[in-house]
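Participant: The lines below spell out each chain.
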Amino acid sequence: MEGKIGLIFNGVWSQYAMASSSKYRQIYELLYVHELNSAQLSKFDALVIPFQSHQEALAEHRELLYDFLVSGKKIAVFGDSTPKWIEATWEDRPVNNYWWVADPNNPPIAHTDREHPVFRPLVPRHACWHVHGVYTQTPEHAEIIQRNAEGETITWQTSHYGGILFVSTLDPIVEHGIQQIRHLDNFVDSLTEWLCGVRPLGSFEICPEHYGVADYRW
Amino acid sequence: MKRALVVSNGIGAEQAFPSTKEICFDVVQVVPSLALELAGYDLLVVPNGADHVAMFRNRVKVREFLDQGKALACFCGWFMDWIPGNRWIHDNEHPTKQVRHYKGDDPLGLLDGVDLGRLDHNEHGISGWWSCGYIQAATGANTLIYDTWGRSMVITDSVSTAGLMFLTASGPLGSYGRYYDATSPIARMYENFLKHICSANQLAIG
Chain A
1 MEGKIGLIFN GVWSQYAMAS SSKYRQIYEL LYVHELNSAQ LSKFDALVIP
51 FQSHQEALAE HRELLYDFLV SGKKIAVFGD STPKWIEATW EDRPVNNYWW
101 VADPNNPPIA HTDREHPVFR PLVPRHACWH VHGVYTQTPE HAEIIQRNAE
151 GETITWQTSH YGGILFVSTL DPIVEHGIQQ IRHLDNFVDS LTEWLCGVRP
201 LGSFEICPEH YGVADYRW
Chain B
1 MKRALVVSNG IGAEQAFPST KEICFDVVQV VPSLALELAG YDLLVVPNGA
51 DHVAMFRNRV KVREFLDQGK ALACFCGWFM DWIPGNRWIH DNEHPTKQVR
101 HYKGDDPLGL LDGVDLGRLD HNEHGISGWW SCGYIQAATG ANTLIYDTWG
151 RSMVITDSVS TAGLMFLTAS GPLGSYGRYY DATSPIARMY ENFLKHICSA
201 NQLAIG
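Each protein sequence line maps, in turn, to chains A and B. Heads up: the first sequence at position 36 corresponds to 36 in my numbering, and the numbers run straight through without jumps. Heads up: the second sequence at position 99 corresponds to 99 in my numbering, and the numbers run straight through without jumps.
Keep in mind the hints are simulated off the structure, nothing from the lab. Here a beta-carbon is modelled for each residue, glycine too, at the ideal position from N, C-alpha and C. The reader is advised that the hints may include incorrect statements.
As the list claims (entries may be wrong) - Derived list of chain A stretches under chain B, where covered just means 3 residues or more per stretch with a C-beta under 8 angstroms from a C-beta of chain B:
1) 6 to 16
2) 96 to 106
Unchecked claim - Pairwise CB distance ranges, derived in the manner of DEER restraints:
3) B:140 with A:22: 28 to 36 angstroms
4) B:22 with A:124: 44 to 52 angstroms
5) A:40 with B:148: 41 to 49 angstroms
6) B:148 with A:22: 42 to 50 angstroms
7) B:18 with A:207: 35 to 43 angstroms
8) A:141 with B:40: 48 to 56 angstroms
9) B:22 with A:91: 29 to 37 angstroms
Take these sequences, add in the hints, and give me the full structure.
Facilitator: In structure tokens, the structure reads:
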């Protein structure tokens with residue numbers, strides 16, 4: 001593994017903030033969703049599709065994404081999705097981002113398969129912050145990784161298409177970029193290492209000179 | 001009736017900007033090589049969660065629009081340099097639980113009826129929930145809201161161009177009825193701004 005992850009990018013500031021931070025910019029590279037092409041992707045070990053992605057644009061690149069999986073690599077998808085490009089049904093739910101204050105013993109995720117490599121190194125509190133919807137239907141070949149208290153699926157994965165497609169309604173990339181939830185280094189670093197074999201080091205530093213830029217690439 | 005254009009990047013942010021009796025909102029979707037057509041509009045809205053790559057590629061059109069005396073509202077962290085005279089910078093060096101909001105200069109009355117305490121703490125007592133980073137405001141711009149460290153969180157700028165800019169440090173404003181009622185600062189500031197846009201002297205120097 002080379003330790004390179006392509007972050008499919010919708011021009012959103014928090015996606016940029018996470019990838020461009022000192023800790024992650026040597027591993028992650030932004031791929032503007034409206035300019036995706038197959039030639040770009042061969043150098044990456046994995047792709048990440050974050051929350052706040054452009055679903056219609058992703059659907060237009062469906063073939064490209066599944067060709068990437070066929071090559072034996074990984075794709076991690078966060079937040080919402082549509083059946084136009086994922087064989088599953090995502091449904092919206094109100095976001096509960098205050099449970100840790102109002103009802104700390106009742107997090108939005110009730111069950112996590114702690115044997116999964118992303119979650120194995122994490123304490124329970126680092127495997128859950130808030131979620132954006134649920135999956136009410138997943139493919140028959142899906143392994144369920146996380147569920148909420150109602151038994152609805154939060155995180156699942158499959159190797160049916162080749163490689164691994166990992167899908168979750170968590171939003172680690174956007175929230176880590178926002179930097180209001182300060183324990184997300186744990187999840188994102190574990191995810192990153194699982195995706196590309198390289199564990200990020202150091203602290204999440206924001207450089208002012210990376211803002212007000214004329215080019216989102218570095 | 002006034003006309004406004006909302007730029008949508010496919011995440012549904014335009015739902016917070018429904019048309020009213022006074023102002024008609026159109027939506028333009030970001031597509032590859034988006035070229036904004038702003039003729040006939042009074043207001044351009046760039047909502048929270050926007051595509052700043054697309055906006056940077058349309059920066060000349062935005063500048064021309066403002067130079068015609070029109071208005072821009074951006075409620076997102078513009079990490080690319082497409083807004084004349086002003087720069088947004090992300091920051092994680094200050095504890096979010098210490099974020100408080102203080103009233104600055106508000107000549108346009110955009111803070112009328114706005115309870116800054118509800119920005120300080122949401123209904124669950126959480127601080128630092130609304131905005132991120134800060135604005136390096138242009139010389140002559142008005143800072144409506146400062147944070148704990150004296151940084152600009154919300155500004156109006158009617159000096160950098162012939163038009164009016166209303167900018168937040170990534171704090172969302174709009175009609176988010178599912179999460180924030182009409183009395184919330186998010187809704188109230190936005191409604192005050194729309195009232196100003198719809199009034200006869202909408203481009204009064206602030």
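Participant: If a hint holds in the structure, say so; if it doesn't, say that too.
Facilitator: Checked hints:
{"no.": "1", "hint": "6 to 16", "verdict": "holds (count 7)"}
{"no.": "2", "hint": "96 to 106", "verdict": "holds (count 3)"}
{"no.": "3", "hint": "B:140 with A:22: 28 to 36 angstroms", "verdict": "holds (34 angstroms)"}
{"no.": "4", "hint": "B:22 with A:124: 44 to 52 angstroms", "verdict": "holds (51 angstroms)"}
{"no.": "5", "hint": "A:40 with B:148: 41 to 49 angstroms", "verdict": "holds (42 angstroms)"}
{"no.": "6", "hint": "B:148 with A:22: 42 to 50 angstroms", "verdict": "violated (25 angstroms)"}
{"no.": "7", "hint": "B:18 with A:207: 35 to 43 angstroms", "verdict": "holds (38 angstroms)"}
{"no.": "8", "hint": "A:141 with B:40: 48 to 56 angstroms", "verdict": "holds (52 angstroms)"}
{"no.": "9", "hint": "B:22 with A:91: 29 to 37 angstroms", "verdict": "holds (35 angstroms)"}
Checked against the numbered hints given earlier, the structure breaks only hint 6 and satisfies all the rest.
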